[in-house]
Amino acid sequence: MRYIWLAMMTLSVALMAFTDPGGIITAMTDGAETSLMTCASLMAVYCVWMGFINIIKDCGVVEKLSRAGSPLIKKLFGKGARGAADDISLNISANLLGVGNAATPPAISAVKKMDGGDGKLTRGMAMLFVVNACGLQIVPATVVGLRAAAGSAAPASVILPCLAVSLATTAAGIILVSLFYKEK
Amino acid sequence: MSLLLPFVFIAAFVCAFVKKVNAYGSFIQGAKEAVPLAVSLFPFVAAVIIAVELMRASGLYNVFNFVFSPLLKLLGIPEELSQLALLRPFSGSGSLALLNDVFTAYGPDSYVGRCASVMFGSTETVFYIATVYFSGTKVRRLGGALVIALACCVLSAALACLLCKFM
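Protein chains in written order, with this note's numbering: chain A, 418 to 601; chain B, 10 to 176.
Same shape as in the complex, but just chain B (with noise of 0.2 Å):
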């Protein structure tokens, strides 16, 4: 499986090849266009980082798991796993450190573990994602959509505590 994206990248700077396409000049021309992208996310991106950090400095967040991690263990999904699945829609490093540490905790073959695995694996940054993509549009206003792409989310993390009790 890892020599996927190898193969991906092979095949095509062989096309490219046979097809006398300049690879150096497509290059060139694709990644020029990274600079104005990334510098026009900034303040998307900041305005989600700034509001997650403030959560994180002001306790918000213990607040937030507090309150909420009652709903989530009724839907299945174990207490230790409740700050997990309320900081994956928002930021994507913090949940990854924060999985690290349930893999420290508790080892990554535990039920615990499976789940925090199975669980990061079939969510994404819901909030990241809703700011990032509609970055370049007048779009401000996601409402159903973005309660659906949550109750995906919060699906998927059920789901996951649930199948890993049969495997």
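For reference, chain A alone in the conformation it holds in the complex (with noise of 0.2 Å):
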């Protein structure tokens, strides 16, 4: 990541030195902005799913549902994953209902609680980052909003294929990462 982050900002100055020199700081400033925004939104859609979710962990549904869940998320997370149940099963369930924002909150939350302290990625930090970025969803809703917006015949017509191609990319994340990432 660091490398990654690295040699974007690098390439991207060194490119700008020689065709605007004078935009840099405004295009770093712009993007600072913008993130500014993009949390501040953050913060208000944070708030209601947080706030929604703690009344259902109060209700004792998280619970049974990680219980119901348990097995499963033994096997795909390791032993690690333990203490992170709930939040890996509230995780997992936003993600499928479409509601990435409501899905962000308890992966941190989980990926904190999977931690070392070492610095170390453990298996079950890489298999949730891997199954959130392969973007597992019931129904792309944004996807099928906008086709509907853009005048499409068919906009739910993509459902199907979107379900499947996550899927086989789901199964092969998942796969990989228990190679990669065996538990000691």
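Calculated directly from the structure, the hints in this document are not laboratory data.
Don't be surprised by glycine CBs; every beta carbon is placed ideally from N, CA and C.
Take these hints with a grain of salt, some might be off.
[As the list claims (entries may be wrong)] Here are the simulated DSS-like pairs of lysine-lysine, each with C-alpha atoms no more than 25 Å apart in a straight line:
id : chain 1 : residue 1 : chain 2 : residue 2
1  : A       : K481      : B       : K29
2  : A       : K599      : A       : K492
3  : B       : K28       : A       : K481
4  : B       : K147      : A       : K537
5  : A       : K474      : B       : K28
6  : A       : K496      : B       : K147
7  : A       : K529      : B       : K147
8  : B       : K147      : A       : K599
9  : A       : K530      : B       : K147
10 : A       : K530      : B       : K41
11 : B       : K41       : A       : K474
12 : B       : K41       : A       : K491
[Stated by the list, open to error] Output of the computed footprint for chain A on chain B, the stretches with three or more beta carbons under 8 Å from beta carbons of chain A:
id : region
13 : 80-86
14 : 131-138
[Said to hold, decoys possible] Some chain B residues flagged as far from chain A (calculated, every beta-carbon gap over 12 Å):
id : residue
15 : E89
16 : S91
17 : Q92
Reconstruct the complex from the two isolated chains, following the hints.
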């Protein structure tokens, strides 16, 4: 990650030094400003979801959910995920429902719980990251909505292919992580 | 399908009522945590967005596109979509705007439009997830996991274009 970031920054600035040196700072501050807006709207969105999730937690629903999913979670995420089962099942349910913004806070909390504090990537963390990166969801609501807005004759026709593709890549991701991050 | 979320909400509220949970108090408790979370995410989000903005402003994206589009073409991803495929892992809002451009230019029901839809719907903003998810830990080297996630992203795009040929 740090090398990719450094490469992106260095190459861009080097390129701009020739084309538009004055624009470098503007681009950077523009980016920072956009991220400030992003975080502000994230705060609003997280407020809604974290509040709602807390209601379900207090009702005991999350506990039931994670108990039901715990054999699978243990198998996929390894022993380190024991304390994070609640968060992982919330994250996966939110992803399946297609509310990615609701999936992020439990994911951050799950990663923290699986962290050994030594800066090393554990099996569970790698698995959660890859499963989320594969974007498995039942209904890709954003795409379907945009297709409908663009005047598609069959906006929902992409639901099945999307599901098939993300199932395939999620399976591939799970297999690869299991191969490369064996639990000691 | 659009009734799924309302159903989840109503079920939760009814459940809270039956179980005599103080829903109002619970909501406040949960929502309170959103403030420090969003604040702590700011530097991570900023690092990604600044890099993306610089790449856009400097034209590095076009260079990137020029270099990688033949490679993506080998995988069956049409040239019109290489920009979308390349931007998708970096920027959610940026790639959403590109998806909209594709729809306007080619129509949502054309082959390119359907490919773009499936590609967008079955992938995620990998770099954003990579920074945000690990923001609470000291883990900064994702190494193999990042490679796997990006490989899955490429696989999604290739599979999407393949599958759309048959439907």
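Of the numbered hints stated previously, which ones are contradicted by the structure, given in increasing order?
12 and 13
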